[in-house]
Amino acid sequence: MKVVLRIALGIIAAIGGFVDIGDLVFNTQAGAQFGYTLMWAVPIGVVGIGVYAEMSGRVAAVTKRPVFDVIRMRMGLSSGLVVLVASLFVNLLTLSAEIGGVAIVLQLFFDAPFTLFALLGALGLITIIWFTPFEGIERLFGYGGLTLFVFVAAALHEQPDWHAVGHGVVPEAPSSTLYWYFAVGLIAAALMPYEVYFYSSGGVEEGWTPKDLLVNRLNAIVGYGIGGVLSLGLMVAAAQLFEPAGVEPDHLGTVALLAQIPYGETGLVLALLGMLFAIGGAAVDASFAAAYSIAQFAGWEWGKYRRPSGAPRFTCAWLLFFALGLAILMTGIDPLDLTEYSVVLSVVALPLTYLPVLLIARDRTFMGDYANGQIARVLGWLYFVILVVVALAAIPLLLATNAGGG
Amino acid sequence: MDDRFDLVYRLLDEQIVDVDGRRCGRVDDIELVGAPGEPLRIGGLLTGRGTYAARIPRPFRGLARTLFGADVRGATVQRVPWPEVEDVRATVSLYGRAVDLALGRDDRELQRPFQRLPGG
Amino acid sequence: MSTDVIKLSHLLELAVQDESGRSLGHVHDVRVHRAGEDYVVEGLIIGRRGLFVRLGWRRAPDPAPVSPHDILAWGDVLAIEDDRLIVRNAR
Amino acid sequence: MRRLLVLGAFCVVIAGCGPLSRSELTRGVETLSAVAAESQLVADGVAQDRTRSTYARVQARTLADDAAHEAEKLADATVEPGFEKQRDRAVVLAGRLDDTVGSLETYPGDERVGANVHDELMSIADDLDRLTQRLGQAG
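Just so you know, the sequences run in chain order A, B, C and D. Mapping the first sequence onto my numbering, position 395 (from 1) lands on 395, and the numbers just tick up by one. Mapping the second sequence onto my numbering, position 104 (from 1) lands on 104, and the numbers just tick up by one. Mapping the third sequence onto my numbering, position 86 (from 1) lands on 86, and the numbers just tick up by one. Mapping the fourth sequence onto my numbering, position 133 (from 1) lands on 133, and the numbers just tick up by one.
The shape of chain A in the complex, shown without the other chains (with noise of 0.2 Å):
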């Protein structure tokens, strides 16, 4: 019974976990686009997701390798290296883009300077990190994040057209730039590569072995799945509310509203309250991806089961990461256009990442009985096929619709 429990927590925490500054944009300006049209585009990221978290949870448990350590064993040190630094640089972007989310939020919280709240919520953060093991942060921020289904009960409560969410299933034949580079981006928004790095590493760290493995594969296919609910949610929600009546969801703020309109002041806290758990975690995720990316590469000492100056290169490297993210966001950029640069170029990185995984997930001198089986293997070569086209088409449709500025 308690490892049901325990199973479950760990599912919760994963469902809250999904969702970031990326999925909260790109499926509220997907819905209020091009209302349900682009359904189809979450569950391909969700799957996504699913696919290369299970293998890389799985290649953790089995041989204790996180993602990084698989890319520099695979790769070598020259290719790892580009590898590294391109990982590093869309990393940065994304956790720059956190923070400044989560500073957006607060300040609707409490309206004062965004500068300030940035500041402040960065420090925030890097307290609880310091103070809290891995799996209460985890927790912490992937509960506060449940708090978002209030936009999926928005999305019901509008009675949505059941018709027209059927069509949404199948991408639309006769369509703009626009529309395929926001299906892009909602494949990109699941597949953030942070997550997965996190994913692994917090793999070793909690000291998974083959045991473990139940527990990985209903994270990946449960937590994410169900967090995909979270995504689909926001979209049908944002293609009843803000599509017919003509709103452009180009601030975060915006997105509360989902909430807002069908249950007042209510809903807006429940909102907000989820957009800053959600979004304050990843910037945690994402700093820590960072981290764990460098220590991994160079084999220095490394994990939060560790005191902060038991892997102390590795503290320095997540906070050094902390205050580049901060200083990106003092120049003024609006986080949302960072938040958009962060997904679409996370995507393009992403198969340089994903291929060393499946590569070692498939092998059976590292994996014995468990390399790859048949459904793995299958989706695991299509999602790669599918990887490189969209990380192909994603640059030309980024400056083609000019950042989805249209």
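Hints were generated in silico from the structure; no laboratory data involved. Treat the hints with care, as some may be off.
[Claimed, not checked] EDC-like, lysine to aspartate or glutamate: derived pairs with alpha carbons at most 20 Å apart:
{"no.": "1", "chain 1": "A", "residue 1": "K211", "chain 2": "A", "residue 2": "D369"}
{"no.": "2", "chain 1": "D", "residue 1": "K85", "chain 2": "D", "residue 2": "E24"}
{"no.": "3", "chain 1": "A", "residue 1": "K64", "chain 2": "B", "residue 2": "D20"}
{"no.": "4", "chain 1": "C", "residue 1": "K7", "chain 2": "B", "residue 2": "E84"}
{"no.": "5", "chain 1": "D", "residue 1": "K85", "chain 2": "D", "residue 2": "D119"}
{"no.": "6", "chain 1": "C", "residue 1": "K7", "chain 2": "C", "residue 2": "D82"}
{"no.": "7", "chain 1": "A", "residue 1": "K64", "chain 2": "B", "residue 2": "D87"}
{"no.": "8", "chain 1": "C", "residue 1": "K7", "chain 2": "C", "residue 2": "D76"}
{"no.": "9", "chain 1": "C", "residue 1": "K7", "chain 2": "B", "residue 2": "E38"}
{"no.": "10", "chain 1": "C", "residue 1": "K7", "chain 2": "B", "residue 2": "E14"}
{"no.": "11", "chain 1": "C", "residue 1": "K7", "chain 2": "B", "residue 2": "D71"}
{"no.": "12", "chain 1": "A", "residue 1": "K64", "chain 2": "A", "residue 2": "E206"}
{"no.": "13", "chain 1": "D", "residue 1": "K73", "chain 2": "A", "residue 2": "E248"}
{"no.": "14", "chain 1": "A", "residue 1": "K64", "chain 2": "B", "residue 2": "D2"}
{"no.": "15", "chain 1": "A", "residue 1": "K64", "chain 2": "A", "residue 2": "D212"}
{"no.": "16", "chain 1": "A", "residue 1": "K64", "chain 2": "B", "residue 2": "E86"}
{"no.": "17", "chain 1": "D", "residue 1": "K73", "chain 2": "A", "residue 2": "D334"}
{"no.": "18", "chain 1": "C", "residue 1": "K7", "chain 2": "B", "residue 2": "E31"}
{"no.": "19", "chain 1": "A", "residue 1": "K64", "chain 2": "B", "residue 2": "E14"}
Once you've looked at the hints, dock chains B, C and D against the given chain A.
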């Protein structure tokens, strides 16, 4: 460890872990002792950022030396003699402690300021 | 016994030629086996499919050769120069 | 790198100074319509006391800034000949939008102000729609 294995596939770029389970560098290069016409054996493992330049395509080596430092034994590169290697599996485990092999020195130096902080 | 030191990084991706200057590809890996306390090099894995070998693509679970003629016995290596490795002509 | 920056700056200058085409003008008016639509939702929340005043204030300020920004953009640009009148009209409406949403920022907790702002926004939105239609018919 296996009786026969391939260096790049199984040993190069792997994580080195000391007897206390502390991660203390990666196998950044391997020293082979011998010459053509006579046996060539593994002499030791090299680890540290000073090895990076030699691992990178020639045109970028100058840049790498600027970024990561040149190969200075005892400073940017540490040598682990092969007899110190206990096993090669998921990680490369050592018989001894990192401190005795001068590995992970930067981590130890940075440790003190953090230890003074609450919760550190 | 010689105390010359050859770094693995020097061997990797080194061009391989035979005595008559014919190119045989590049060095992708080095195979060793146990000999008492030591591990000694038995051969070099060479060929043109470098990337695939490196990524662990065409690898059997055991270190079975990629393909028999892509393994070059260490005894056949005549000299290691700065930018190439010279091997005995194939008989 | 420096050459890229210069090139980038050059593009910005060109884009900022070239005459605004009809489609760009239409796009500007559509942006104003979107701001008006969102502002109505915020004003609704204030009118029915279904929001928090900090949220309404910050959101109203952001939207008013958007309207002001769009007004400046339109006012500074030269437009294709024949569209000056529509452009001037758009600038006037953007200014009205800025002022109206601005009063929401000042009184985010006042239900009466919320209701008034909402009505005023409806009329601005109607005017913007008419302007879009005229831009669609012209040319």
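Going through the hints against the structure:
In summary, the hint linking K211 of chain A to D369 of chain A is supported, as the alpha carbons are separated by about 13 Å, within the 20 Å threshold. At roughly 15 Å between alpha-carbon atoms, K85 of chain D and E24 of chain D fall within 20 Å of each other, so this suggested pair holds. Restraint check for K64 of chain A and D20 of chain B: satisfied, since their Cα atoms lie roughly 16 Å apart, inside the 20 Å limit. A distance of roughly 18 Å separates the Cα atoms of K7 of chain C and E84 of chain B; the hinted pair therefore holds under the 20 Å criterion.
Proposed proximity of K85 of chain D and D119 of chain D is contradicted: the alpha carbons are some 26 Å apart, above 20 Å. Distance hint between K7 of chain C and D82 of chain C is fulfilled; the C-alpha atoms sit about 12 Å from each other, no more than 20 Å. For the given pair, K64 of chain A sits about 16 Å from D87 of chain B by alpha-carbon distance, which is consistent with the 20 Å threshold. Restraint check: the Cα-Cα separation between K7 of chain C and D76 of chain C comes to about 19 Å, which is no more than 20 Å; the hinted pair holds.
Restraint check for K7 of chain C and E38 of chain B: satisfied, since their Cα atoms lie roughly 16 Å apart, inside the 20 Å limit. In summary, the hint linking K7 of chain C to E14 of chain B is supported, as the alpha carbons are separated by about 16 Å, within the 20 Å threshold. With a C-alpha separation of about 13 Å, the suggested pair K7 of chain C and D71 of chain B falls inside the 20 Å cut-off, and the hint holds. Pair hint K64 of chain A plus E206 of chain A holds up; C-alpha atoms about 11 Å apart against a cutoff of 20 Å.
Proposed proximity of K73 of chain D and E248 of chain A is supported: the alpha carbons are some 18 Å apart, at most 20 Å. For the given pair, K64 of chain A sits about 19 Å from D2 of chain B by alpha-carbon distance, which is consistent with the 20 Å threshold. Taking the CA atoms of K64 of chain A and D212 of chain A, the gap is about 12 Å. The hint holds against a cut of 20 Å. Between K64 of chain A and E86 of chain B the alpha-carbon distance is near 18 Å, which keeps this suggested pair within the 20 Å criterion.
The hinted pair formed by K73 of chain D and D334 of chain A meets the criterion: a straight-line CA distance of about 18 Å does not exceed 20 Å. Distance check on the hinted pair: K7 of chain C and E31 of chain B sit about 5 Å apart at the alpha-carbon level, within 20 Å; holds. Straight-line distance between C-alpha atoms of K64 of chain A and E14 of chain B comes to about 12 Å, which keeps the hinted pair within the 20 Å bound.
In this structure, only the earlier hint numbered 5 is contradicted, and the remaining ones agree with it.
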